[in-house]
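Here's the letter readout for the chains.
There are 2 protein chains.
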Amino acid sequence: MGQKNELAHRMAGKTIKLVDALGDPVTGKEIAIKQTNHKFLFGCGIFDVIDVANKNVPAERLAFQEEKLDKFLEVFNAATLPFYWGMFEPEKGKPRTKELKAAAQWLKERNVAVKGHPLCWHTITAPWLLDMSNEEILRAQFARIERDVTDFKGLIDTWDVINEVVIMPIFDKYDNGITRISKDLGRVGIIKEMFAKTREFNPGATLLLNDFNTSINYEILIDGCLNAGIPIDAIGIQSHQHQGYWGREKLEEVLDRFSHYGLPIHFTENTLTSGHLMPVEIEDLNDYQIPEWPSTPEFEERQAKEVEEMYSILFKHPQVEAITTWSFSDDGAWLGAPAGFIRKDNSPKPSYEVLKKLIKGDWYTNVTGKTDDNGKISFEGFLGDYELVCGDKKISFHLDKEAEIVQLVI
Amino acid sequence: MGQKNELAHRMAGKTIKLVDALGDPVTGKEIAIKQTNHKFLFGCGIFDVIDVANKNVPAERLAFQEEKLDKFLEVFNAATLPFYWGMFEPEKGKPRTKELKAAAQWLKERNVAVKGHPLCWHTITAPWLLDMSNEEILRAQFARIERDVTDFKGLIDTWDVINEVVIMPIFDKYDNGITRISKDLGRVGIIKEMFAKTREFNPGATLLLNDFNTSINYEILIDGCLNAGIPIDAIGIQSHQHQGYWGREKLEEVLDRFSHYGLPIHFTENTLTSGHLMPVEIEDLNDYQIPEWPSTPEFEERQAKEVEEMYSILFKHPQVEAITTWSFSDDGAWLGAPAGFIRKDNSPKPSYEVLKKLIKGDWYTNVTGKTDDNGKISFEGFLGDYELVCGDKKISFHLDKEAEIVQLVI
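From first to last, the protein sequence lines stand for chains R and C. Residue numbering for the first sequence follows the UniProt record's numbering, starting at 1 and increasing by one per position. Residue numbering for the second sequence follows the UniProt record's numbering, starting at 1 and increasing by one per position.
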């Protein structure tokens with residue numbers, strides 16, 4: 001029972017009372033209770049959806065991407081879609097709203113929760129901001145939030161509001177509009193403004209602060225934000241481990257330091273590769289550019305072990321509510337790294353199988369049983385969506401920590 | 001005029017109209033205008049005042065300390081007195097209020113501004129806090145602030161409210177009551193509470209946040225505090241340079257990063273030694289303990305140059321309002337370092353002479369002239385207190401940036 005106890009926060013016990021249309025208990029019936037979705041968010045960055053939903057690539061490529069997405073949908077229930085301003089609206093006034101809406105809709109229809117990433121960031125931001133005064137940049141950033149958050153409300157209700165603020169005002173690789181205004185507003189100031197604006201246009205949304213910096217800098221920044229009354233719903237932590245798996249000790253130490261705010265934690269951008277490690281002396285991961293970064297059988301085994309350990313540690317931590325692996329596939333992966341769960345030819349790596357076994361096996365509930373004389377059956381399962389099957393009838397229900405007894409009519 | 005322009009923020013022009021008791025202009029009179037004090041605070045940690053004011057050391061030692069203080073008073077107009085809780089109230093309920101009051105009074109009578117250091121810190125804090133619950137520790141800390149800030153109001157109206165908060169909750173050298181409560185409250189939280197309590201009992205006081213950490217950590221912490229509405233009056237920056245002078249570039253970079261909040265900056269704890277440098281691999285300066293750390297002629301020259309450059313850079317920066325050198329004398333200096341302006345035998349080092357020449361020479365105003373037909377005389381001088389001497393009469397006045405004309409009656 002060790003594992004069950006450690007995962008008690010992910011589970012609930014429930015008694016179902018099955019009744020017929022007249023309200024009479026359905027007794028002594030064989031039934032099956034099958035989990036159909038997790039409450040926990042297991043996600044990936046899955047930008048291929050844009051091509052697939054809009055069918056705007058050649059047929060062969062489309063078929064390949066559809067196959068990729070089938071593999072994604074077999075395991076995952078959450079997706080991150082790109083809203084990098086410079087790509088979303090490369091020409092001022094011509095946002096790619098239609099294409100992104102189609103993608104978000106495609107995911108929603110398949111029961112996949114969607115997060116938009118990000119609303120404000122100094123990297124890949126709109127180049128045309130550089131022609132503006134700081135006052136105009138801030139107005140444009142506000143207008144961008146108002147437009148996109150409004151347009152996607154109902155399709156996207158989770159946003160990485162602002163990204164990588166720790167370095168934002170000191171980012172000096174190239175001039176950009178967002179670094180400019182972050183210098184004016186200060187770190188906490190720009191976070192405050194962006195959260196307020198996002199909240200204004202989607203009051204019920206889940207709003208994240210996101211950063212790759214897991215040092216004391218980010219801790220102090222969060223501390224300041226919360227004391228300044230900024231309504232952060234979840235702390236986003238990036239964990240691109242191209243230079244090697246953090247390991248249990250660092251991971252637990254990070255969890256420990258970022259959990260004391262009492263807020264949910266999302267691992268928003270996780271990377272564990274199945275290739276050689278990036279040299280540790282590289283400071284900005286973007287600086288490592290090599291022509292070929294192969295996935296090898298040996299490193300695929302390592303990746304599988306690391307994925308298994310890391311996901312298990314995070315799933316056990318009561319405050320973690322989401323894990324997103326940044327690149328679902330090696331095809332199109334960031335930095336060309338073999339960072340996916342599947343290879344460039346869509347074949348699954350061991351990490352894919354290991355994670356599928358956890359998400360759809362060890363952490364998934366499937367029980368059968370018989371209703372008692374009062375039409376009742378009790379079970380314990382992982383939180384999420386369920387289907388009760390009784391003969392040729394199916395009823396959907398939700399398993400949460402709330403009511404212990406639920407009455408279902410078949 | 002180069003220097004004058006660079007120091008324009010430290011100066012003011014003033015026209016004095018001299019009248020007699022009947023209100024008639026005193027015309028064609030030779031007068032002297034002598035600066036008697038700086039507006040800028042040139043301070044030292046000068047804990048010997050406690051012994052001298054209370055005369056609680058043997059006569060020989062007392063004479064030596066009095067001689068030391070004479071040298072101090074020749075140059076400086078500000079003093080930091082120690083309020084380390086563990087030393088101020090080693091036994092609960094028996095604070096050294098009387099001795100510290102005598103010291104503050106002694107300084108006040110000599111026209112020296114006094115700062116209390118610090119009200120809350122995890123180092124040298126009261127050991128008896130360890131027997132308390134966290135709730136009791138916080139109550140005791142509040143009560144300590146209420147008592148001491150009230151007791152010293154009028155004598156001490158400038159406080160280092162809280163010290164070294166960046167490391168406070170992660171300080172792990174030894175258990176202590178303040179680290180315990182800082183973990184509960186968070187960094188910004190504990191700063192907020194301590195500032196609110198101090199402000200409550202001395203609304204007009206100048207309240208500082210103080211830290212040795214000049215990294216992005218401290219920047220973000222200040223940013224968070226200001227966004228959380230904490231009324232910080234001045235940013236305190238420690239600059240113990242036992243491991244080598246920062247140099248112009250780092251100093252200007254620190255000034256640049258910490259000036260954009262628009263707040264006054266105090267260099268609260270400056271050290272430039274006249275001895276060999278502490279090895280750079282020492283992380284916590286307190287870990288460097290050697291039996292003898294001599295002051296040498298060669299290094300005294302280096303110290304004098306560094307003092308001259310550093311004080312000049314800081315005096316030129318419009319937001320810096322105070323520089324405190326932590327150890328006035330090698331006698332009793334922190335870590336036994338040759339950190340003073342005077343040696344263990346009270347003889348002045350070159351740094352003393354260099355600084356005296358700046359503070360009481362280059363940056364001090366002494367002019368003579370004759371009143372015109374309307375009894376007026378105009379001059380430009382460094383901000384501060386002045387004495388106008390006319391024959392055998394003296395009048396005190398204050399030079400500030402306010403009114404351009406002032407009428408003095410002789």
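Treat the hints with caution; some may be incorrect.
Identical copies carry no separate label here, and so any pair may be met within one copy or between two of them.
In the DSSO-like style, the derived pairs of lysine-lysine whose C-alpha atoms are separated by at most 27 Å in a straight line are [what the hints assert, rightly or not]: (1) Lys250 to Lys183; (2) Lys183 to Lys316; (3) Lys183 to Lys344; (4) Lys376 to Lys92; (5) Lys71 to Lys55; (6) Lys98 to Lys108; (7) Lys17 to Lys94; (8) Lys316 to Lys92; (9) Lys183 to Lys153; (10) Lys344 to Lys29; (11) Lys98 to Lys55; (12) Lys344 to Lys108; (13) Lys197 to Lys29; (14) Lys55 to Lys183; (15) Lys376 to Lys55; (16) Lys34 to Lys101.
Calculated directly from the structure, the hints in this document are not laboratory data. Keep in mind that this is a model prediction, so the values were computed, not measured.
Evaluated hints:
Only between protomers do Lys250 and Lys183 lie at most 27 Å apart by alpha-carbon distance; the minimum there is 20 Å, versus 32 Å within a single protomer. When the C-alpha separation of Lys183 and Lys316 is checked against a cutoff of 27 Å, the pair qualifies only between copies, where the shortest distance is 24 Å, while the shortest distance within a copy is 39 Å. In this assembly of identical chains, Lys183 and Lys344 lie within 27 Å of each other by CA distance neither inside one copy nor across copies; the values are 41 Å within and 47 Å between. Taking the closest pair of Cα atoms, Lys376 and Lys92 never come within 27 Å of each other, the shortest separation being 60 Å inside a single copy and 65 Å across copies.
With identical chains, the CA atoms of Lys71 and Lys55 are at most 27 Å apart within one copy only, with a shortest distance of 18 Å there and 84 Å across copies. In the homo-oligomer, the alpha carbons of Lys98 and Lys108 lie at most 27 Å apart inside one protomer (15 Å), although the nearest pairing across protomers, at 73 Å, exceeds that limit. Taking the closest pair of Cα atoms, Lys17 and Lys94 never come within 27 Å of each other, the shortest separation being 54 Å inside a single copy and 69 Å across copies. Taking the closest pair of Cα atoms, Lys316 and Lys92 never come within 27 Å of each other, the shortest separation being 45 Å inside a single copy and 45 Å across copies.
Taking the closest pair of Cα atoms, Lys183 and Lys153 never come within 27 Å of each other, the shortest separation being 30 Å inside a single copy and 38 Å across copies. For a Cα distance limit of 27 Å, the shortest separation of Lys344 from Lys29 qualifies neither inside one copy, at 48 Å, nor across copies, at 95 Å. In this homomeric assembly, Lys98 and Lys55 come within 27 Å of each other (Cα to Cα) only inside a single copy, at 13 Å, whereas the closest approach across copies is 83 Å. Taking CA atoms no more than 27 Å apart as the test, Lys344 paired with Lys108 passes inside one copy only; the shortest distance there is 26 Å, against 78 Å between copies.
For a Cα distance limit of 27 Å, the shortest separation of Lys197 from Lys29 qualifies neither inside one copy, at 53 Å, nor across copies, at 68 Å. For a Cα distance limit of 27 Å, the shortest separation of Lys55 from Lys183 qualifies neither inside one copy, at 41 Å, nor across copies, at 53 Å. Proximity of Lys376 to Lys55 under the C-alpha cut-off of 27 Å is found in neither arrangement, the shortest distances being 48 Å within a copy and 88 Å between copies. Taking the shortest Cα distances, Lys34 and Lys101 never come within 27 Å of each other, neither inside one copy (31 Å) nor across copies (76 Å).
When each numbered hint is compared with the structure, violations occur for hints 3, 4, 7, 8, 9, 10, 13, 14, 15 and 16.
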